[in-house]
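Undergrad: Sequence:
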Amino acid sequence: MPEDRKPRRTRSNGEESRRRILDAAVEVASERGYDGTSIALVSASCGLPASSIYWHFKDKDDLIAAVIERSFASWLEAVTLPAEGTPRERITAMSIHIAKALLDSPDFLRLGLMLALERRPTEPRARTMFLEVRDEATRRIADTVREFAPELDGASVHLLTTYAVASADGLFIAKEIGGDTVDLLALFELHASLVFDALTGLRAGNRKSTQEHS
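Per UniProt numbering, the sequence shown runs over residues 1 to 214.
It cannot be assumed that every hint is accurate.
Distance windows between CB atoms, simulated [as the list claims (entries may be wrong)]:
1. 150 to 55: 47 to 55 Å
2. 77 to 182: 19 to 27 Å
3. 87 to 177: 51 to 59 Å
4. 178 to 86: 28 to 36 Å
5. 131 to 163: 17 to 25 Å
6. 77 to 27: 17 to 25 Å
7. 162 to 55: 56 to 64 Å
No wet-lab data here; the hints were simulated from the structure.
Even glycine gets a Cβ: it sits at the ideal position worked out from N, Cα and C.
Let's have the full structure, built from the sequences with the hints guiding it.
TA: Below is the structure:
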């Protein structure tokens, strides 16, 4: 019987250690960035020896990639269009859900943007993961555009999707810089309204173009 309990106890301890390491990595990386983060600093922050960190993660890059992956799961869940309401209400609700997810778990976008804006001879796995999961979020937003405006051509969908994602990045950066003086929820609500108006304008332009060529 004691032998049956041992694996469960070991697994539980391992999960708790992994959580502590990831939490410490977020704290260190948020203060020092990717290049300033080291296994030694994470070890000092979480109180676990470096050997424990290397037991869970191959290297620093693997650790930062895990940080991004963990927070991305909750963030991506917010990039889901509600089923109820008018088109404007549904887009606004999704936008606010994204803003709340960023407030609850900002490390995904904070660390990801740092990595995305930097170029290195060897691309870190963490940067690759951020770009991959970001592409998935972008596809979801493009699907939302197509749902409300199936008549739009690919170029228009890409234009509006790029604008929506880039604008959201800017609002997040404004919050990072401005801190408590910036109301991210209000900004994302405004952002949703502007995106919806842009969508409406593109649809009207598409209909006019179709009529002129018919």
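Undergrad: Looking back at the hints listed earlier, which ones does the structure fail to meet?
TA: 3, 7
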